[in-house]
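K.L.:
Line order of the protein sequences matches chains A and B.
Counting in our numbering, the first sequence runs from 1 upward without gaps.
Counting in our numbering, the second sequence runs from 1 upward without gaps.
Worth flagging that the hints you see were computed from the coordinates, not collected in a lab.
No residue lacks a Cβ here, since even glycine has one placed at the ideal position from N, Cα and C.
One or more hints might be untrue.
Said to hold, decoys possible - Listed next, the in silico SDA-like pairs over lysine to any residue satisfying Cα-Cα at most 20 Å (straight line):
1. LYS67(A) x THR18(A)
2. LYS57(B) x LYS11(B)
3. LYS56(A) x ASP101(B)
4. LYS41(A) x LYS11(B)
5. LYS3(A) x LYS11(B)
6. LYS57(A) x PHE45(B)
To be verified - One-sided excerpt, in silico: chain B residues whose CB lies under 10 Å from chain A:
7. SER7
8. PRO8
9. SER9
10. LYS11
11. TYR33
12. PRO61
13. ASP63
14. GLY71
15. TYR104
16. THR109
Said to hold, decoys possible - Partner residues are not named here, just some residues of chain B that face chain A (Cβ under 10 Å, in silico):
17. ALA2
18. GLN37
19. GLN50
20. GLY51
21. PRO55
22. GLN83
23. GLN84
24. GLU85
25. SER87
26. VAL89
27. LEU91
28. GLY106
29. GLY108
30. ARG110
Listed below are the residues making up each chain.
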Amino acid sequence: EDKVVQSPLSLVVHEGDTVTLNCSYEVTNFRSLLWYKQEKKAPTFLFMLTSSGIEKKSGRLSSILDKKELFSILNITATQTGDSAIYLCAVPNAGGTSYGKLTFGQGTILTVHP
Amino acid sequence: GAGVSQSPSNKVTEKGKDVELRCDPISGHTALYWYRQRLGQGLEFLIYFQGNSAPDKSGLPSDRFSAERTGESVSTLTIQRTQQEDSAVYLCASLRRAAADTQYFGPGTRLTVL
């Protein structure tokens, strides 16, 4: 069974700090890893990573994948209060009858204080 | 439509009543997924549709839960004889095709069973 583990489970920082969120995975057939931000109910897509060592970047957020060590990190620089959210890591099932089904980590609750 | 929509946004019901939750996927998306998120927990997979067939129903927690989909359009998740432990946010996501990975989530339905 596919497994995704995130750490830390929660993080409290002040505006301007830099944070690193971790995601490790064990999957039968790896194809990609996804990061989502969840503020209220719906997760919103951040990044999809498929290749090892290639950083994806969007503004102050960036993410990288290490397929050898089976983990990914999400970095947020110069954090703002609007970054406060739950950050979710997920991997899709790559075959069989469950194609595309996402296995999620527990999420990291990030709180950014002014 | 422009995105995945779900209705109702919030539903409060009494224990023992039946509820129906609706999901309208992005037009043209062939794959549709239902997930559940209980308070303070990660997202749990419930069921996956490819077209109007459901290759994977393994996440449905009991026979009180059922879902159907009309063609490649609307899906309805039905919970019969609701219990307090059914209280959660129910999220729907769609994929353009099974080979794509980025699932787009609807806004969710928050179900509260009194």
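K.L.:
Each of the hints needs a verdict: does it hold here or not?
P.N.:
Evaluation of the provided hints:
For the hint pairing LYS67(A) with THR18(A), the CA-to-CA distance comes to about 24 Å; that exceeds 20 Å, so the pair is violated. Restraint check for LYS57(B) and LYS11(B): not satisfied, since their Cα atoms lie roughly 24 Å apart, outside the 20 Å limit. Distance restraint check for LYS56(A) and ASP101(B): the Cα-Cα separation of roughly 16 Å lies within the 20 Å cut-off, and the hinted pair is therefore satisfied. Under the criterion of a C-alpha separation no larger than 20 Å, the hint pairing LYS41(A) with LYS11(B) is consistent with the structure, at around 14 Å.
Restraint check for LYS3(A) and LYS11(B): not satisfied, since their Cα atoms lie roughly 31 Å apart, outside the 20 Å limit. Proposed proximity of LYS57(A) and PHE45(B) is contradicted: the alpha carbons are some 28 Å apart, above 20 Å. For SER7(B), the interface hint is violated, since its Cβ never comes within 10 Å of a Cβ in chain A; the closest pair sits about 13 Å apart. A distance limit of 10 Å between C-beta atoms decides the matter here; for PRO8(B) the minimum to chain A is near 12 Å, and the interface restraint is violated.
Taken as an interface hint, SER9(B) checks out: its beta carbon lies about 8 Å from the nearest beta carbon of chain A, inside 10 Å. For LYS11(B), the shortest C-beta to C-beta distance to chain A is roughly 13 Å, which exceeds 10 Å, and the interface hint is violated. With a least beta-carbon distance of about 6 Å to chain A, the hint placing TYR33(B) at the interface is held under the 10 Å criterion. Annotation: interface hint on PRO61(B) violated; nearest CB of chain A at approximately 16 Å, more than 10 Å.
The criterion of a C-beta within 10 Å of any C-beta in chain A is not met by ASP63(B), whose closest approach is roughly 19 Å, and the hint is violated. The interface hint given for GLY71(B) is broken, as the beta carbon of that residue sits about 18 Å from the closest beta carbon of chain A, more than 10 Å. At about 7 Å, the closest approach between the beta carbon of TYR104(B) and any beta carbon in chain A falls short of 10 Å, and the interface hint on this residue holds. Hint on THR109(B) holds. Least Cβ distance to chain A is approximately 8 Å, under the 10 Å limit.
For the restraint placing ALA2(B) at the interface with chain A, the shortest Cβ-Cβ distance is roughly 14 Å, beyond the 10 Å limit, so the hint is violated. For GLN37(B), the interface hint holds, since its Cβ comes within 10 Å of a Cβ in chain A; the closest pair sits about 8 Å apart. Nearest Cβ of chain A to the Cβ of GLN50(B): about 8 Å, under the 10 Å cut. The hint holds. Annotation: GLY51(B) was flagged as interfacial toward chain A, and the flag is violated, the nearest CB pair being 13 Å apart, outside 10 Å.
The interface hint given for PRO55(B) is met, as the beta carbon of that residue sits about 4 Å from the closest beta carbon of chain A, less than 10 Å. This hint is violated: GLN83(B) has a C-beta 21 Å from the nearest C-beta of chain A, more than the 10 Å allowed. Hint status for GLN84(B): violated, given a least beta-carbon distance of 20 Å to chain A, over 10 Å. The criterion of a C-beta within 10 Å of any C-beta in chain A is not met by GLU85(B), whose closest approach is roughly 19 Å, and the hint is violated.
The closest approach between the C-beta of SER87(B) and any C-beta of chain A is roughly 14 Å, which is over the 10 Å cut-off, so the hint fails. Evaluation of the VAL89(B) hint against chain A yields a held restraint, the C-beta minimum of about 5 Å falling below 10 Å. For LEU91(B), the interface hint holds, the least distance from its beta-carbon to any beta-carbon of chain A being 7 Å, beneath 10 Å. Checking GLY106(B) against chain A by beta carbon gives a least distance of about 6 Å; that is within 10 Å, so the hint holds.
Contact between GLY108(B) and chain A, as hinted, is supported at the beta carbon level, the nearest pair being about 4 Å apart and thus within 10 Å. A cut of 10 Å between beta carbons decides the hint on ARG110(B): the least distance to chain A is about 7 Å, and the hint holds.
Checked against the numbered hints above, the structure violates hints 1, 2, 5, 6, 7, 8, 10, 12, 13, 14, 17, 20, 22, 23, 24, 25; every other hint is satisfied.
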